[in-house]
Structure formats: C-alpha cells, structure tokens
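Asks: Chain A is already provided as a structure; the job is to place chains B and C on it using the hints.
Chains as they are written, first to last, in our numbering: chain A, 1 to 154; chain B, 1001 to 1249; chain C, 2001 to 2391.
No wet-lab data here; the hints were simulated from the structure. Nothing here was measured: the structure is a model prediction, and the numbers come from that model. A couple of the hints might just be wrong.
Chain A side only, calculated, beta carbon under 7 Å to chain B, not exhaustive [unchecked claim]:
hint, residue
1, 58
2, 82
3, 87
4, 112
5, 116
Listed next, the stretches of chain C that the computed footprint assigns to chain B, with coverage defined by at least 3 CB atoms under 8 Å from CB atoms of chain B [stated by the list, open to error]:
hint, segment
6, 2078-2084
7, 2098-2107
Think about it this way: if two alpha-carbon atoms lie no more than 20 Å apart in a straight line, the pair counts; the simulated SDA-like pairs of lysine to any residue are [as the list claims (entries may be wrong)]:
hint, chain 1, residue 1, chain 2, residue 2
8, B, 1230, C, 2267
9, C, 2132, C, 2144
10, B, 1174, A, 53
11, C, 2379, C, 2131
12, B, 1230, C, 2123
13, B, 1055, A, 126
14, C, 2123, C, 2380
15, A, 125, B, 1087
16, A, 2, A, 13
The beta-carbon is built from N, C-alpha and C at its ideal position, and this holds for glycine as well.
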Amino acid sequence: MKELLRNSEHLIRVVVLLAIGVGAFLVLRQVVVPPNFGQYGHFRPAALIDIRAHSVKFAGHAVCEACHSDEAATKSKGKHAGVACEACHGPLAAHTEDPASVIPKLPDTAVLCARCHEANASKPKSFPQVVPADHSGGLPCNTCHKPHDPLGGA
Amino acid sequence: MDITRRELLTKSSYFILLTSAATTAWKHVLAGTPEASPNYDMTKHWWGMLIDPAKCIGCGNCVRACELENDVPPGFFRTWIERYHVGEDLEHPQVDSPNGGHDGFPDIYKDGGKTFFIPKLCNHCSDSPCVQVCPVGATFVSPDGVVLVDEKYCLGCRYCIQACPYGCRFLNPKKNTADKCTLCYHRITQGLTTACCEACPTQARVLADLKNPKDPIHEFLRTHSVQVLKPHMATGAKAFYKDLDGSVR
Amino acid sequence: MLQLLPGVEGYMYPNEIELQWSILIVLYPYITGLVAGAFILASLERVFKVEAVKPTYRLALLTALAFLLVAPLPLQLHLGHPERSLEMYLTPHRSSAMAMFGFVYLWYLMVVLLMEIWLDYRKDIVAWAESKRGIGKWIYQVLTLGSHNVSPGALRVDDKVGYFITLVGIPSAFLLHGYVGFIFGSVKANPWWSSPLMPVVFIFSAMVSGIAAVLLLYMVTSKLRGVPIEMDCVDTIARYLLYAFVIDFSLEMLDLVHRIYEADESLRALDFMVHTRLYFSQIILQIYLGTLLPIALLGLTQLWKLRASARKAVYAVAGSLTLVSIFAMRWNVVIGGQLFSKSFLGYTSYKMGFATREGLLTSIVLILLPFVILYVLVKLLPPWPKREAVA
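Bound-form chain A, shown alone (with noise of 0.2 Å):
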C-alpha cells in the first residue's frame, strides 16, 4: 500500500491540482453569479427590472383622453372610434409629460391618411379604400374629412 502510495504521488499532485482548481471555481461563482439567479427560473431576476425600466413613447389613449375629451367624444361618435389617438399622431408620451413645452407637430393629411385609405386590390374590400387621384384629385383629406369623425358634418 505504502508503495503504490509512493509510486503515484504525482498522480496524487494532479488530483491535488485539479481540486485546487474546482475550488476556485466555485468561490468565483459565489462571487460573480448575479444575485438570486434562478429564483423565478434559470435567469437573472433583474432582468424584470431592467426591461420594465424601458422608457414608454407610446402614452395610450387613456392619457390623451384624460385631457383632450373633446376630441375623444367627438372621435366616439364616428367611424375612427377605434382608432387610438397616437395611431395617426404618433407617440406622444413626451407631450404627456410635459405638455406646455412638447407640442405635437399635426400629421399631415395628404400623407397620413393614405397609408389605411389609399385603394389596394390586397386589402378587405369591405374596408373603406379610394384612389386619391380619382377621389379627391391631390386635395389633402382634411379639406373635406375631419380626420376624427371622417364622415360625421359637411
């Protein structure tokens, strides 16, 4: 026994080494593992954080209605009632935070109402679609349209 013992001693300094080695290993783990990785599953729980962080641009028609209920009631009454507000003004989450100094520029219709309107053999034809050349003969939309009741008036 002593013998083999003696005769792989520098088996003994690799095991040696190598325990060394793991064992670095895991304090290094302890030390740099982020906090509480894999408390809710194998990840880094302030990710939550770190991603609800994000700013929002967007604001919601809730917020743009909380002030602007003119518009929103007349809106209702019309056939954009589901069309949220930042749908054609963009997101406006600045303006909603400080509403004195960030003004909205307003869309411009001739570019802006196209994009749903303008005719396309793809799209549903039940949904309301018209040549703008034929239609209106390049007049921006809002000469005639009021962009939140479309069709309501005049």
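Replies: Frame of chain A, contents of chains B and C only:
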C-alpha cells in the same frame, strides 16, 4: 512536514467552503426581491395576443409603432406583416413582406384572387424551443408568460435565433445580443397595451391576458375558430389567429 | 419576382435573410472532429492493441491537443459578447446542449487528453528536466509537477492509469463530437438539421477526417525528417479510414434516401437548395470528389496489390480529398441549414467577408494555427519513436 501539508489542505478547503457559503448568503441579503413590484403581481397574469387577419389592412402602423417604441434597428423586425396571395394550391402561396410591411404594400395583385395580411410577432411560446437552447439563461419565460431576453447577460451565440421556428428573433447589431418582441413588457406591466395594439387602427391585434377572468379572450376562444402557427412544433404558442388560412407558414 | 433584395429568391421571413452562423461555425465542428478522429486513431493502438499504428500514437495525441486548443477560438470570435462566455460555466442552462458542451470540452481537455499525454511522456519529461539547461529545463521541470518518480513501480501505475484514461477517452471523444452533432440535430425548427442521425454522422465523419489528418501528417513529417514511412502503419491507417468512410457514407445516404422517400413539406425546398445553392459543395465536392473517389481509391489498394510508392500516392490523394470533403460536409450542414427559409418558400445567400471578424481570412488563420501549435508541441515533446533520428 507531512502534518503541516495536511493541515494546509484541510484549512484551505474549509476556507473555500465557508467563503462560498458566506458570499452566497450575503448576496441574498443584499439583493432582496426588488422585481416584486407592489403594483403588478406577475403570478396573476399570463399574456398572449389575439390576431384577426380579416381585419388587417396591411397599413404597417404596428411595424412603425413597434420600431418607435422599442428602438428597433432598421432592417430588423420585432413584428412584421406578411401578405399572402393564394390560389388553389395551398402549398405554394405567393408571400411578400416588403421591409416587413413597414411602409405598407405595393398594389400588385390587381387580378384579385385570395389575398390577406398576416401580422407576425413572437408567439411567446409557453414551451419555448428558444428558451430551451439558451446556454446561459439569457432568454427565459417570465412568470407572467412573456419570453424575454436579458440583454446584459446574452452572449450573442445566436442559438436561440436558430431554434425559433417562426423567424421572430434577430441579432441586434447595436447591442450584439439576441433581440425580439417583448410584448412591450415595459408597457403591459404598467396597465398599458402593446405599442402595436395601440397603433392598430382596426383592432386586428389585441393583447390578451389568459389569467384575467374578465378578458374577452376566454369567450373568444370558446366561440371562434382559432389556430396557432406551426402547431406540429408543439411550442405552446400564445399568439392566436382567428380563421387562419391553411397556406400560412 | 416580388423580392428586390440581393441574393434572396422567393420569400424569407424578414429576420432570416442574413445568416446567423458563419464560416467560423463551420470551422468549429471541423476542428473538434479532427480532435475526436485523431484521438480514436491513437486509442486503436493503446486499447485495441493495433501495433501497426504505434508510430503515429504520440503524433496523433499531439495533433488532437493542437486542434483542441484552437477549437474555442472560432466560437469566441463569433460571439456577440465573448467577454461573457464564462457564463456558460457559471450558470449553465441544463436543457441546452451548448451549455453542457462546455463541460464536455473541459473534461476532455483536462482529464482525458492532457492526462494521457502527460502520463505517456512523463518518463521523457523527467529525463529532459534533468538533462536540459536554461529555460528548457524550467519548462520541463514545471511539466513534471514536481515529481521525478520514474521508478518501474511508478511507470506501471502510469501505464495502468493511462490505459484506463484512454478507455474512458474513447466514449469521451464520441461525446465531444457527438454533442456538436446533437447541437444541430436537436433543433426541431430546422428540418435540414433535425435528425437523430446527426450526432452519429458527425462522429463518423469526424473519425474519417481525424484519421486522414494523422495519416497525412505522419507521411509529411516522415518526409521532412528524411525518415522512411512505415508501410505497415500507413496501410493499417488507410484501411481504418476506408472502413470509417464506408460507414459514414452509408449513414449519409440513409438520411438522404429516408428524406426523399418520406417527402414531407420541407423536401421540395431542401431538394431545390441542394440542386442550386449547394450543388458544388454538396454534390461535386462532398459526394463525388470527397467521398466516392477516396472510397474508390482506397478500395483499389485493398483489391489490388500496388507498389509502396503507388499506395503512398493513393493515400496522399485520398487523405487530402477527405479533409476537403469533411470540411464541405460541415459547410453543407451549417451554411446549408440557413440558406432556405423556415417558411419553405425561399432562399437566401451567404455573404462571407474576407478580412472581417468572421471572414475567410480569419478562418484561414484559424485552420493554420493548429499546425503552428503542433510544431511547438513537436519541438517540446518529440513524438518520434525511440530509434533516434540521425540528423
């Protein structure tokens, strides 16, 4: 001399073990659970989306809204729209998605024929193959059912992009990490809807919370014909399509 | 066609147009394949007592080590955040084949390859530590790990433990490269990859490439050293190369025939891809020139008694074609798997850079690097058999 060597070994192993234990305990103490927010309980939600292709007009508002809300780099898509033009051969539809539908679609199918639009996004699979293959836990299913990417942890190995059957992932060239639709997690956890649903003028896309008993999705799933993409992959997809045509890939 | 995107035909999901895994990911299985194959050849002598291949034993081990050391480099260059790669060891996701592979690699490098080399060379290392001077002495001294025990008893222990390690090393080598096959074979989203045969095909093509590499290296180094090539050795190696090749080819043909017969929704898309974008690399390079021709050449030497010089020429040609062929096979799997759309309605093309991080130049450097390392290893730990070279 033998004794001191043994002593050294035992003392160092104790040291290593105790240091590991102590550091773990201390980290838990320091960390707390800040992700448990008082206003939002993750366990009370299970998110998905309901899509009605018949209502989609291919305007591209959703693609543009997502790009603005989430700083999506041009040429990459967290959501996109596909247009299908199908004859009688369901196995060979003509499909296009010019710039993901970002600027709408050119009017090329003037012959008529069956044409429709399919909005696509991450399906937030409950049995997600992309989560399964991530080597480090950088992508995961959150407790409320949203598949997310931890951009501080992702290595950029792209295995998840290969594993997604739906093509919804890409490598973000600015961050060098995997990226995809997050179901606007930062919005839905605050009571807002996703940017794409907010921007959709026809409500072709509607956010759904399967754990909310009042959510209209329950009634809808009970009373309508609904499919998911690639059901044979058994991914537990949670993007439900109403009356999905058989030619859709 | 509707698409005006360069290189795209038909419809690709928008995020699929650019390939995710580049030539570096082609190189990686190629390199680990060479490692596994070289090791299996070495184990032929140690475990299966095939005495004829003894002259290549140490050379095969050093070749495996040289390639194994380079193997992580293409991966590191490919990662978006290589500085985070330690995460694979710190928080490995147990359901991910890629994560588990990190440990297989580490196991193989530390416990199998390095140990086996060390145990085989230990007597020589101790002798060099005692006889050399200067910095060489210190290098060898470190390699002895402080023990100069080379008594017959210690050497017997070395031999027993070495045998055991090689025994364990054989399944470890299969695991090393089979895992790479599984990384591809387990992706259900990709019908070109998803197959239970993938790990097996990878293992056998690895054996083929590793055996061919050692065969060529032995012939070349013997020539360079002015030492005659032992025909017994190369004849035996070539025979094993032939066997492995036949098995490899049968497996690949089985996959192909099965695919064509079942003709599921992916077949038309894949078939079209093979006949267009992959025609040169798959049909011409991998199958005709890279498999059928070497098998025919090697088969020739088994059927007819050729002169030694003729056999050497055949082995050199067959070996070189094999190395190209197995690279083509990796290319066809990795790049091929990304050329078609998961909608099965379109195809894209691979735009390989040249002097970029994942470009052709980088790949050329990476494939040459193991030979540089091998040169250093051969100088440090000469693998030549005991009869001393004259010059």
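Asks: Could you run down the list of hints and mark each one as holding or not?
Replies: Structure-based check of each hint:
1. 58: Given a least distance of 5 Å, the restraint on residue 58 of chain A holds.
2. 82: Hint holds; residue 82 of chain A Cβ to chain B Cβ min 6 Å, cut 7 Å.
3. 87: Holds, because the Cβ-Cβ distance from residue 87 of chain A to chain B comes to roughly 5 Å (cut-off 7 Å).
4. 112: This hint is violated: residue 112 of chain A lies away from chain B, its Cβ roughly 10 Å from the closest one there, beyond 7 Å.
5. 116: 5 Å, holds
6. 2078-2084: holds (count 6)
7. 2098-2107: holds (count 3)
8. B:1230 to C:2267: Cα-Cα ~17 Å, so holds.
9. C:2132 to C:2144: 13 Å, holds
10. B:1174 to A:53: Holds - the C-alpha atoms of residue 53 of chain A and residue 1174 of chain B are around 19 Å apart, at most 20 Å.
11. C:2379 to C:2131: 16 Å, holds
12. B:1230 to C:2123: It is violated: about 61 Å lies between the C-alpha atoms, which goes past 20 Å.
13. B:1055 to A:126: 10 Å, holds
14. C:2123 to C:2380: Within the cut-off at roughly 14 Å; holds.
15. A:125 to B:1087: OK: residue 125 of chain A and residue 1087 of chain B at ~18 Å, within 20 Å.
16. A:2 to A:13: 16 Å, holds
In summary, the numbered hints that this structure violates are 4, 12.
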